[in-house]
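Asker: Chains A and B, in that order, give the protein sequences. Counting from 36, one number per residue, gives the positions in the first sequence under the working numbering. Counting from 36, one number per residue, gives the positions in the second sequence under the working numbering.
Simulated from the structure, these hints should not be mistaken for lab results. Fair warning: there could be bad hints in the mix.
[Stated by the list, open to error] Now the stretches of chain B that chain A is said to cover, found in silico as 3 or more residues with beta-carbon under 8 Å:
1. 42-51
2. 54-62
[What the hints assert, rightly or not] Coverage of chain B stretches by chain A, computed from C-beta distances (three or more under 8 Å per stretch; other residues unrestricted):
3. 77-83
4. 90-96
5. 100-108
[Unchecked claim] Listed next, the in silico DSSO-like pairs over lysine-lysine satisfying Cα-Cα at most 27 Å (straight line):
6. K53(A) <-> K93(B)
7. K105(A) <-> K93(B)
8. K54(B) <-> K70(A)
9. K96(A) <-> K54(B)
10. K105(B) <-> K93(B)
11. K70(B) <-> K54(B)
12. K81(A) <-> K93(B)
13. K81(B) <-> K53(A)
14. K81(A) <-> K54(B)
15. K70(B) <-> K53(A)
16. K81(A) <-> K105(B)
17. K93(A) <-> K70(B)
18. K53(A) <-> K96(B)
19. K81(A) <-> K53(B)
20. K81(A) <-> K93(A)
21. K70(A) <-> K53(A)
Note that CB positions come from ideal geometry on N, CA and C, so glycine has one too.
Number of protein chains: 2
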Amino acid sequence: MSNSNTELGLATMYRVIKKSGAERVSDEAANELRKILEEISIRIAKQAVDLSNHAGRKTIKSDDIRLAAKNVLKHDQ
Amino acid sequence: MSNSNTELGLATMYRVIKKSGAERVSDEAANELRKILEEISIRIAKQAVDLSNHAGRKTIKSDDIRLAAKNVLKHDQ
């Protein structure tokens, strides 16, 4: 664990980008992907908490996450 | 490592949702968030690879990730 603000692993980011067809990946690119995914995860999670409160629940369910993600992301499927 | 398709940790997903104000988090919700983040990471990474190829580069840079994320996500900032 490098620092307390960092939940997602950098090695994972390299792997995902490599798997997607990259020959080489700069350190800054892996770090940028991590930063973006962390921001997105927090945005989705916060909206999921709002949605679950709105439904009178204290437990976050997968439906909350799904609806939150739909609101946060461009979905074309 | 639970299985080869899983790059992001489940414990991390619980932490992110808890940090966002959840009292309780169902296993399915944590799993759903992981699934969604993995899909997004792959979509961003693939588009970043395309963008870097388009620019005649073999190394993925942070600019590729940033532009790819802009295309994949709804950004209101």
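Asker: Kindly indicate which numbered hints from before are broken by the structure, ordering the numbers from low to high.
Answerer: Checked against the structure, the hints that fail are numbers 7 and 12, while the rest are satisfied.
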